[in-house]
Amino acid sequence: MKTAVINLDQVSKEYIDAANKITRRVVICAGTGCVANGALKVYDAFLSETSAAGVDVVTELRAEETKGDLRISRSGCQGFCQMGPLVTIEPEGILYTRVKPEDAAEIVRTTLIEGALVDRLLYVDPVSGTRCTGTAEIPFYARQSRTVLKKCGHIDPEDIIEYIAAEGYTAAREAYTRMTPQTICEEILHSGLRGRGGGGFPTGRKWDLTRKQPGPKKYVICNGDEGDPGAFMDRSVMEGNPHSVIEGMMIAARAIGADEGYVYVRAEYPLAVSRIRKAVTDAEAMGLLGDNVFGTEHSFHIDVMEGAGAFVCGEETALIGSIEGKRGMPLPKPPFPAQSGLFGKPTVINNVETLASVPIIMRMGAAEFRSYGTESSPGTKTFALTGHVVNTGLIEVPFGATLREIVYNIGGGVTNDRGEVTGESFKAVQIGGPSGGCLTEEHLELPLDFDSLKGVGAMVGSGGLVVMNKQTCMVRMARYFMQFTQNESCGKCVLCREGTKQMLALLDDIIEGNATGHTLEMLEKLAIAVQKGSLCGLGKTAPNPILSLMRHFRAEYEAHVHQKRCPAGECKALAIPEIDPEKCKGCTMCAKKCPVGAISGEVKKPHVISAEVCIKCGACVAACKFDAVML
Amino acid sequence: MDKTFVNVDGRDIPIEGERNLLELIRKAGIDIPTFCYHSDLSVYGACRLCLVDIEGRGIVTSCSTLPEPGMKIRTKTEEIREIRKIAVELLLANHDQSCPTCPKSASCQLQNLARRLGIEEVRFKRTHTPAPVDRTSPSLVRDPNKCVLCGDCVRACSEIQGIGAVDFAGRGASSTVVPAFGKDLSKVECVYCGLCASVCPTGAITPKSEVDAVWRALDNPKKKVVAQIAPAVRVALGEHFGMEPGTVTTGQIAAALKAIGFAQVYDTSFAADLTVVEEANEFLDRAERGERLPQFTSCCPSWVKFAEQYYPDLLPNLSSCRSPQQMFGSVAREVLPEKLNVSAKDIVIVSIMPCTAKKFEAKRPEFKHDGIPDVDHVLTTQELGRMIEESGLDFKRLEPESLDMPLGFKTGAGVIFGASGGVTEAVLRYAVEKISGVRLDAFDFRDVRGEEGIREATISAAGKEIRLAIVHGLANARKVADKVRAGECDYDLIEVMTCPGGCIGGAGQPVSRDPNVKRRRARGLYDSDKMLELHKSQDNPVVTQCYAKHLGEIGGEKAHALLHTHYASRKRIADTDLDLLNGTDSDKLDVSVCVGTSCMVRGSQELLHSLIDYIEERGLQNAVDVRATFCFEQCDRGPTVSVGGNVMEKCTFERARKALEDALGKLNSEEVKVEN
Amino acid sequence: MPSNQELNMPQTLNKNTQSLRQFKKVCEILDRYDHDQAKLIPILQQVQHEYRYLPEEVLTYVATSLGLPPARVFGVATFYAHFALKPKGKYTIRLCDGTACHVKKSIPILEALYKRLSLSENKNTTPDMLFTVETVSCLGACGLAPVMVVNDEVRGQVTPEAAVKLVEDIIASEGSK
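Protein chains in written order, with this note's numbering: chain F, 1 to 631; chain L, 1001 to 1676; chain E, 2001 to 2177.
Excised from the complex, chain F in its bound form:
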């Protein structure tokens, strides 16, 4: 059955006409973070307060229905997660932070009706002390280049018409009606777009390889199994602008000749799942997805599948296995999915951000896309900035931005454990999650892109950036990542399955103070073997945190091993007991019991334990009758 081909231009015009009647818009961030902090209640509060105040409100824009010139809507993640719930007022671009449902009444009265600001809800820049009216003044935002994320914090992700009105699906239309698979692949190749999921493989080349495979059955898969702890870029795109992903998939399908696609989303992202599902349903209802796309002979159907809790399913062959109803165990490559993928057919698997970039590239043109970023890594990249940094949240910068810009200008600087910015707290940044490496002070001026990072033994990965201050023990961080990887290892190949477990055991030895001279040597040998010999990306990159941290922080490792000391003071097993001077009565019992003479002090005066001599036997703790010796 052929449905009438939707007239995108007309739909768009009708929407814009209706939107032109709106003079003011309140956008409430409804990404997972803000929702957890009560954003939906804030939204309800706005509706009830405006109603109470007798103000007409539009929640869904349709030409016929518009009465009133104030629109209240929800958006995807606006990025500044720790300051949420976030409320943006347009056209002024006012950003209110930490908004509670109780604040709605005041905002309606003061800002919407009276046109003034509610100062207490504005963001205060901790460095300059000034109140910032809107994102243009907030360093966190001002320094970013939100391209893929541009619409995420603005449009209503559940309104397909709003997407269409902003040139949505026009690139797909172009692809299906006026371009050929070959020209599409060429355009994407020229743009230099590289996979944003971690691999950095040129997307145009992947598409072209798949295009050349014999058909007729081919598949497009969107890899939404973002499992890196600390990464939520893909989630935000799926929640904030799901149609951009669908449009990207459509263009990919046209490029390779696929008629069926899957979106594989982690079940831990229920909001992303529901938004993508709704987007697919809405696109189908409009005739954008289904048989005879844009009136052509080609069809494209999308199915949404939820993951079941296996990080390894982010690996493409494991993901394919999961869609086929199997255990998510990766397969040796070659053959690559381009040749033999889902159900043995040629398949393109792309990351969410990669796909969301495609319509943007098609609309602005490859040349303009190349004007962002660097020569080898054009375009922008989203990052999730977390850890010991003032401003945590979701950011997007062009490739080539330096680490300093991100951590200090956008991030606002490194905090110590008390939350203060002292300017001396920076220790390292873990980039790329558990598969990545670390960047240290020497890399602060490094322009970040695929190749420069590879050059220093790190990788862009999916884009997780964790900032660590000087009170962070690097050995413990390595252990944390190794435990994650070990837990998520599929168990197929012996190097990853047993190797990660043994590396974890060795790290535990180091942390517990049981390491010997051999431990470090063994750890390194094992790490290299696992890196070189594992079957899939998970195993191959699992040792990266260890190797990278050993490379940059070898002294710290050696302190743990040879001196049984943790320089950052985090490893309890290596902590030396301390005497509380206020409780110590100077009775000298501890000094007498100490087998190595590590305690000194005069009678009736507080005693002191020497860190270098102490062997942590605990005799002093047991000896003290006044509870003055603590670990």
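Relax, there's no trap hidden among the hints.
Have a look at the derived ranges for each label pair, beta carbon to beta carbon:
{"no.": "1", "chain 1": "E", "residue 1": "D2169", "chain 2": "L", "residue 2": "G1182", "range": "34 to 42 Å"}
{"no.": "2", "chain 1": "E", "residue 1": "D2031", "chain 2": "L", "residue 2": "K1479", "range": "22 to 30 Å"}
{"no.": "3", "chain 1": "E", "residue 1": "D2169", "chain 2": "L", "residue 2": "E1661", "range": "51 to 59 Å"}
{"no.": "4", "chain 1": "E", "residue 1": "D2031", "chain 2": "L", "residue 2": "G1182", "range": "26 to 34 Å"}
{"no.": "5", "chain 1": "E", "residue 1": "Y2114", "chain 2": "L", "residue 2": "T1101", "range": "37 to 45 Å"}
{"no.": "6", "chain 1": "F", "residue 1": "E578", "chain 2": "E", "residue 2": "E2111", "range": "16 to 24 Å"}
{"no.": "7", "chain 1": "L", "residue 1": "G1182", "chain 2": "E", "residue 2": "E2111", "range": "28 to 36 Å"}
{"no.": "8", "chain 1": "E", "residue 1": "D2031", "chain 2": "L", "residue 2": "G1619", "range": "26 to 34 Å"}
{"no.": "9", "chain 1": "L", "residue 1": "K1479", "chain 2": "E", "residue 2": "Q2018", "range": "38 to 46 Å"}
{"no.": "10", "chain 1": "F", "residue 1": "K278", "chain 2": "E", "residue 2": "K2115", "range": "37 to 45 Å"}
As a list, the in silico PhoX-like pairs of lysine-lysine whose alpha-carbon atoms are at most 20 Å apart:
{"no.": "11", "chain 1": "F", "residue 1": "K525", "chain 2": "L", "residue 2": "K1125"}
{"no.": "12", "chain 1": "L", "residue 1": "K1345", "chain 2": "L", "residue 2": "K1224"}
{"no.": "13", "chain 1": "L", "residue 1": "K1258", "chain 2": "L", "residue 2": "K1223"}
{"no.": "14", "chain 1": "F", "residue 1": "K333", "chain 2": "F", "residue 2": "K540"}
{"no.": "15", "chain 1": "E", "residue 1": "K2105", "chain 2": "E", "residue 2": "K2115"}
{"no.": "16", "chain 1": "F", "residue 1": "K532", "chain 2": "L", "residue 2": "K1085"}
{"no.": "17", "chain 1": "F", "residue 1": "K67", "chain 2": "F", "residue 2": "K13"}
{"no.": "18", "chain 1": "F", "residue 1": "K333", "chain 2": "F", "residue 2": "K532"}
{"no.": "19", "chain 1": "E", "residue 1": "K2123", "chain 2": "E", "residue 2": "K2090"}
{"no.": "20", "chain 1": "L", "residue 1": "K1571", "chain 2": "L", "residue 2": "K1183"}
{"no.": "21", "chain 1": "L", "residue 1": "K1224", "chain 2": "L", "residue 2": "K1339"}
{"no.": "22", "chain 1": "F", "residue 1": "K454", "chain 2": "F", "residue 2": "K532"}
{"no.": "23", "chain 1": "E", "residue 1": "K2105", "chain 2": "F", "residue 2": "K572"}
{"no.": "24", "chain 1": "F", "residue 1": "K212", "chain 2": "F", "residue 2": "K345"}
{"no.": "25", "chain 1": "L", "residue 1": "K1588", "chain 2": "L", "residue 2": "K1658"}
{"no.": "26", "chain 1": "L", "residue 1": "K1345", "chain 2": "L", "residue 2": "K1368"}
{"no.": "27", "chain 1": "F", "residue 1": "K470", "chain 2": "F", "residue 2": "K564"}
{"no.": "28", "chain 1": "F", "residue 1": "K100", "chain 2": "F", "residue 2": "K41"}
{"no.": "29", "chain 1": "L", "residue 1": "K1125", "chain 2": "L", "residue 2": "K1085"}
{"no.": "30", "chain 1": "F", "residue 1": "K540", "chain 2": "L", "residue 2": "K1085"}
{"no.": "31", "chain 1": "E", "residue 1": "K2115", "chain 2": "E", "residue 2": "K2165"}
{"no.": "32", "chain 1": "L", "residue 1": "K1076", "chain 2": "F", "residue 2": "K525"}
{"no.": "33", "chain 1": "F", "residue 1": "K564", "chain 2": "F", "residue 2": "K616"}
{"no.": "34", "chain 1": "F", "residue 1": "K593", "chain 2": "F", "residue 2": "K604"}
{"no.": "35", "chain 1": "L", "residue 1": "K1076", "chain 2": "F", "residue 2": "K532"}
{"no.": "36", "chain 1": "F", "residue 1": "K572", "chain 2": "F", "residue 2": "K616"}
{"no.": "37", "chain 1": "L", "residue 1": "K1085", "chain 2": "F", "residue 2": "K525"}
{"no.": "38", "chain 1": "F", "residue 1": "K532", "chain 2": "L", "residue 2": "K1072"}
{"no.": "39", "chain 1": "E", "residue 1": "K2105", "chain 2": "F", "residue 2": "K470"}
{"no.": "40", "chain 1": "L", "residue 1": "K1183", "chain 2": "E", "residue 2": "K2086"}
Hint data in this document are derived by calculation from the structure and do not stem from the laboratory. Every residue, glycine too, gets a C-beta built ideally from N, C-alpha and C.
With chain F's structure known, arrange chains L and E on it following the hints.
Just chains L and E now, kept in the frame of chain F:
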């Protein structure tokens, strides 16, 4: 023809259609180590031992890489050697270290590799807690502490046998290979063929040993222990002692058994001749009536269990003949007490088999009479080899002895049973002569021989055509059985062997890495056939005598009692009923509806729902327990419903409802009850 | 005078109705996916939603209906962290141990919960089936670290004290039922 080359460690090696680099490199004489690669199974790529370094590509697994002209390959760089060592050490760290007492000690690939790679210390700690060993099945022992997770057993059971009784469970370091739900092997669909044990590189799955029981019998002065030797054993036992596969050592085996203390040594091939006579007649009889065709052979116990589980509707097509092992036992029990002048209960019958499923077969309840099994113990070829070693005998230097009469006399037809196609050929040698009425001089039927998994042949006799299919591997059997079910094929007689190549490839045979071992063993059998005086079962005078003195008519009543059996459909997995309704009355009625696949296909699900709706409408919930069960073992006659112990087949909702009402009515009339 | 049996009726009836309803649901789910083997994972997800875990007999039924070996279905069910083969508590508390949450000290919260409920990594469900405590890796709400989810409710910036208080509030409200 232009040859293309790859360069391996500096030498140019031609590409000659090898499936992967590993096979090509082995052809070049370099034995690349591997656990998980098996030429008969799909590529898995997990053990990481077969890594090679390809210039420009880096380190890849050779088992999964296609040879490409111009590749420069290095097989033993420092990196690769280190990775291999670490991989093996990682396995050893958590492996059961009791090698000297492990039955796989002589043939364990892990032990072998550790030695070959020059591993002198294991630099890693144990991180796993030991798991219990599963000894519950009659045929196989599973020891998860020796498993290296190569997945060969999983793939063998799934790809070659089409069953999948074991699979990976868990994830990461807690991965194991287990039957469903971690149940014992005896509680799931395993057919005991032991292919898993054949492909297992370590001692994680091994045939279960009955050596101790046999020694006890031999040591007991009151008992007379007799042996029957299966055809496939005689061409393989020698391998245990370094002889070439296919060397026929029947004489030495007899000598060894006698030296160990067996009173008499007989030949299963004699019973195979019997089987031929019974089965061929059965076949001709069916062919004449046009009934129950095609006929499937039934001498393979794994195939029988497989059919009982998955194709119960085809059970009538199976030959009702017992296998040669069991026919022997039956006849021996009948004949030997008098012959040996010993009371029946003091005769211990031991069969030497290439097969682990025979251990299961011997224990089937229908093969026991008056508490005495027809076959007491089954020893595999490997177990016999060990007993011979334990006795200190120098097998190669033993003087051959002859087998004992009368049960040791056989024709070549009985001997070729051990090879795929052998049973069919033996039956043909009888049937063709009988049909044509003319003495058959050319007794070879080479059309049915071969190595392909599914073979077809058509033999003409006196203007009639006999259409044959010869199958080995149960995944292949499935294909043929599905076709038979669907009425899509025209075979008259179908031979099914579970083990690839037939019995000569059985799990009890000596472990061999020679890819030609099966071919050579089969050759030995066909050569032995040639060397014997008689080649057709009907010419076996002892067989004729046996009928005359003990069995009566071929296919007659006595023959049926001793030489035939019956089959029953089987539950595939134990303890998995679904409780749906639990009544509270003290004498509630038990209602069970089968929801196994066969019954479901026949509508048991709807029947169940209708029944439940009915019970709810009438407010009878307290009076009944309703269960969905698998399975009633009447799969071909489903849907099957049991009401109060009364099992109804081909049940409809009406019948079930009526049965329910009748049963409850009876209960009601016994007590005064007020139902709301 | 109502008999003891009749007094027990509502509970048994409820259990019976539940068993039947669940079984019907399983059959519906299988039909909806056309008994397609490739759809095993979505099928298991929905079956688990119905039973709150995956009982052995139901898994066997699903295997037989799909024409898959039970060992294979068991293998899939034990591979993915979301599938539970043992019943879970009425309240499932998931603590995020993703990098951001870890760095913001999620482990002390876990330890506080374990201590209060006498649980551990190996025994993570209370005997009265009220609570299950698990860690989960990264819910993607990193800006709110540390994050805790109780059934479907997400709570951010949790402290050990707040977590324990939440548990005690639940115990109190359940006790009064």
